[in-house]
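Each chain, written out:
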Amino acid sequence: MSHQPTKGHQIINQVLLHPDSQGTDINLWFDGNGGTGLENALSDPAAIIATIQEAGLRGLGGGGFPTYKKWQFVADQEVSPDKYLICNGNEDEPGTFKDAYLLSHSPHQVIEGALIAALASQINKIVFYINPEQISSLNNIRQAVEQWKTCDYYTLIEAQLGCSLSIRVMESSGHYIGGEETAAIESVEGNFPFPRGKPPFPAVSGVYGCPTLINNMETLANVSHILRKGSEWFKALGLGDSTGTKIYCLSGDVLKPGVFELPMGTPLEDLIYIHGGGMLQDKELKAVFTGGVSSSILTPKDIDVPLDFDSVRQRGSSLGTGAMIVVSEGTGIVKRVTEYVNFYAHSSCGQCPPCKTGTFYISQLLNKIDTGQASSADLESLKNLCKFLPGSGRCHLLDGAVIIVDSSLHHFLDEYKSSLNG
Amino acid sequence: MSGKKVMSGKKAMSGSISYQQALDAYLNKTDFAATDLNIDETTLLDKFHPDHRQETITTLQVGPNKGDRCHKQVAKVLQADSRIDAADLAGARIKETDILVIGGGGAGCAAALMAAESGAKVILATKLRLGDSNTVMAEGGIQASIEKGDTPQSHYNDTYKAGHEKGVKDLIKQLVMDGPETIRWLIQQGMQFDLNEFGDLLTRKAGGTSANRVVYFRDYTGLEMMRVLREAVGNSSVDVWDYSPAVELLCNESGHCAGAILSSLQDCSYVQIKARTVIIATGGIGRVHLNQFPTSNHFGATGDGLVLAYRLGARLRDLDSFQYHPTGVAYPQHLSGTLITEGVRSAGAYMINALGERFVDELKPRDIVAAAIIRECKEGRGVVGNSSDGNDGMQGVWLDTPGLEARNPGLLQKRFPKLVQLGLKSDIDITKIPMLVYPTLHYQNGGVVIDENGLSDIPGLYCVGEVSGGIHGRNRLMGNALLDIICFGRRAGLHAFKNRQTRGHKKISIDHISNLRRELMQNEMPMENKSPLLFPEYARYDTIINCEKRGSSSHCGGCDI
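Going line by line, the protein sequences match chains A and B. The opening position of the first sequence corresponds to residue 222 in the working numbering, with each subsequent residue numbered one higher. The opening position of the second sequence corresponds to residue 586 in the working numbering, with each subsequent residue numbered one higher.
Simulated from the structure, these hints should not be mistaken for lab results. Please note: incorrect hints may appear among the correct ones.
When the alpha-carbon atoms are kept at most 30 Å apart in a straight line, the in silico DSS-like pairs for lysine-lysine are as follows [to be verified]:
no. : chain 1 : residue 1 : chain 2 : residue 2
1   : B       : 657       : A       : 589
2   : A       : 589       : B       : 680
3   : B       : 1091      : A       : 504
4   : A       : 477       : B       : 1092
5   : A       : 577       : B       : 632
6   : A       : 638       : B       : 1091
7   : B       : 859       : A       : 477
8   : A       : 638       : B       : 1092
9   : A       : 577       : B       : 1092
10  : A       : 450       : B       : 1092
11  : A       : 477       : B       : 680
12  : B       : 859       : A       : 504
Predicted model only: the values in this text are computed from it and were never measured.
Next up, chain A with everything else stripped away, as it sits in the complex (with noise of 0.2 Å):
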């Protein structure tokens, strides 16, 4: 099979990963990319969201949501007697390992964009949440909030905003649903990541009742550089109507896993052929589970498919943080989708009684068929859950155990009454 590169396959890393991006030492970020956007960023703090705005960023945590829209909203909100900003860093999802790249290799660009946030929205407390397993990213954005704290722009934003300004650094509990928005808010809060209902909105009603901003680390990353070179040139980054680039992680079953910074919208069939080196043993594409909860799987059908948040959810799944876990011939499906819904139910806060229950339930029954002691009963019992489960949870993690469940009895349903005993 051969495998034309569409026109962005070559422009790789060209932002965020971008050798002038990288280091742990503030000097080295100045020399480099850092330190413009700021400027920029102070000498018209007004400017800010419309120059987001302009260039189209999105929430790159899986969500999708323009990111303007958000530091609208808080900038709108009265200071009560805060405004939060919570830098959300709790990255567990299978196959997401992003988050943990940039904050190990080049802190200081999502501390500028968490300051620039801040200036945009008159936020004074910045919170960085991060998954205590991540020693490498703890470590690496402590020392780096240190060295912005003692430069001078921290003065200088401190002065814009007309009071003191407060970064703080927090290990997140590590459960995978505390990296929810209300969930981290009761995580900063001290509390067990309980998520809370919505409304109130974070934007109104977040951290102790003070509205409150959450983005994830790679949108803030990029901020800094569209304040720096502008919206337009963002905006041609990407390709078809999207805009700017988007950390890939690639794994599972292909020669070169990793992550690769890349236009947003490259096709899947560049990522996995061209920048990941093809199949493992040049077998034939199965299926991709992408990352993030509502993700349903892609099949060799969908190869074509630009990355990006629309197109993707055309084909009925969800972008989500970016991770593409590919599945070749040779793997059971009905194994995937046992290890994912595994994780769900073990991440399962079990606060909402059909949460707590339906994903022990469902992660048992494909446990069962996995194992080659289920029957048929079992197998119809699964596909009922899967009908009448979604939408009862508070948070999304439940519908994200459906989803894939799912989508994998809609593509795969073969494999899983072959794998029935009786």
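Take the given structure of chain A and dock chain B to it, following the hints.
Relative to the frame of chain A, chain B by itself:
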């Protein structure tokens, strides 16, 4: 064992002397002069020891030991593709346990017993049956510094020196310090040792040692050890799975070892054992017949544990260092490779070449004695055995049991009944006719890098016994292997349970196999070789793969050796 198509040792060379001619000369002689026994050991090893043959060494291209020297035949199994694919696990049942021990020899049993005594739920999976191992082959005895005047320090010095000062000091320290306690534990389990008239343990001296330190039971110490270990395991809560070789380890989301995939030979199916901790005790790799040597090793010694651990990322060491036991049977041919214990030399038997000369101090370390025998044969002073097809058979030198018997009447029958029996099976009365011997591939000196508790580089993965490396450096002393397996087996069993992962593994998988395949492809290595081997090439065993090749997945007749 009919599958023993053992490759020849040394075929006859011009100038060597025929069996009958040499035997006649031997029988007519009563005094055997020694040639100059002060030899330059370094030169001897360089010229004649098989490990020093450069053409058999290669450099590893994949895995944690990339760039290291390795024997070619070992490299072939380490750099082979896995026997299984993820799809093979569809429908494979999962069984959970605290500790999985892979290997049913002495080390595996000791580890399983200690873990079970601590309260762990233990599964012991073995490729054939419990006790099918090299442990039962061990004849000479087990070392421990229990005699007056002997000390663990002397034991340490001897072990370190014999290993060419390449052993890991902390491991040797642990080995020698645990020696006396290990013997006490074995006696508590019910093991018998040869005793003097006062009931004290009898000891003898091993080659390369400074004191009488080997305790023994006749010339089948290992068999006696295995007898009591089997009984102890049978009386414990350990769940023994026979005919269940491990074909791959499982890893969790953090790369920790999380169990193994067993291939049940009885019903041709895979089973996933999800375990908090895995202890590999699968023994060595003698059955690949390195350098085409015959081997004293058990049929199952195919290096499976080395392969499994290496794939998961465990570092190995000394992969180019093996022990060739000086006295393997060279004639009769069908017994070639069968071990004659070093205890015979400890008791005072000489080694004599075809010219009727002693050519080496028989109690030098094994590598020196082996190299000296090879030198005699290569330089035309070997005896050529008869072959069943009428051609020349293997060469060898005499092991002077008649001389020993003459100096100590009745000793052979009393101390070495197994050897006497071995002779009778070949119509040789060893009190009158000497056995023809030649070095036999005996022991894998290197192996998985471990700490004092047997823990490898991989969290949750312990390796004990011959599969581990570092204890014996590049040459092992007689009697230290039996000590090693019990000492480190017990330590691993205890430590594994104490330090088991308290939270269950979120996810178990064989994702590490993809990394192996990536490396193999990127280095353009052949993908058709599969490992672990499980059985020697010449064995026909109904593994799952063999069943599939024949298209008869329903049939599985078990061992067809």
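Okay, the hints, checked on the actual structure:
Only pairs whose Cα atoms come within 30 Å are accepted, and residue 657(B) paired with residue 589(A) is rejected, the gap being roughly 44 Å. Between the alpha carbons of residue 589(A) and residue 680(B) the distance comes to roughly 12 Å, so the proposed pair stays at or under 30 Å and holds. With a CA separation close to 28 Å, the supplied pair residue 1091(B) and residue 504(A) stays within the 30 Å bound. Taking the CA atoms of residue 477(A) and residue 1092(B), the gap is near 23 Å; set against the 30 Å cutoff, the hint holds.
In summary, the hint linking residue 577(A) to residue 632(B) is not supported, as the alpha carbons are separated by about 71 Å, beyond the 30 Å threshold. With a C-alpha separation of about 26 Å, the suggested pairing of residue 638(A) with residue 1091(B) holds against the 30 Å cut-off. With a CA separation close to 29 Å, the supplied pair residue 859(B) and residue 477(A) stays within the 30 Å bound. For a cut-off of 30 Å, the pair hint linking residue 638(A) to residue 1092(B) stands: about 23 Å separates their Cα positions.
Restraint check for residue 577(A) and residue 1092(B): the C-alpha separation of about 19 Å stays at or below 30 Å, so the hint holds. With a C-alpha separation of about 44 Å, the suggested pair residue 450(A) and residue 1092(B) falls outside the 30 Å cut-off, and the hint is violated. Under the criterion of a C-alpha separation no larger than 30 Å, the hint pairing residue 477(A) with residue 680(B) is inconsistent with the structure, at around 33 Å. Between residue 859(B) and residue 504(A) the alpha-carbon distance is near 28 Å, which keeps this suggested pair within the 30 Å criterion.
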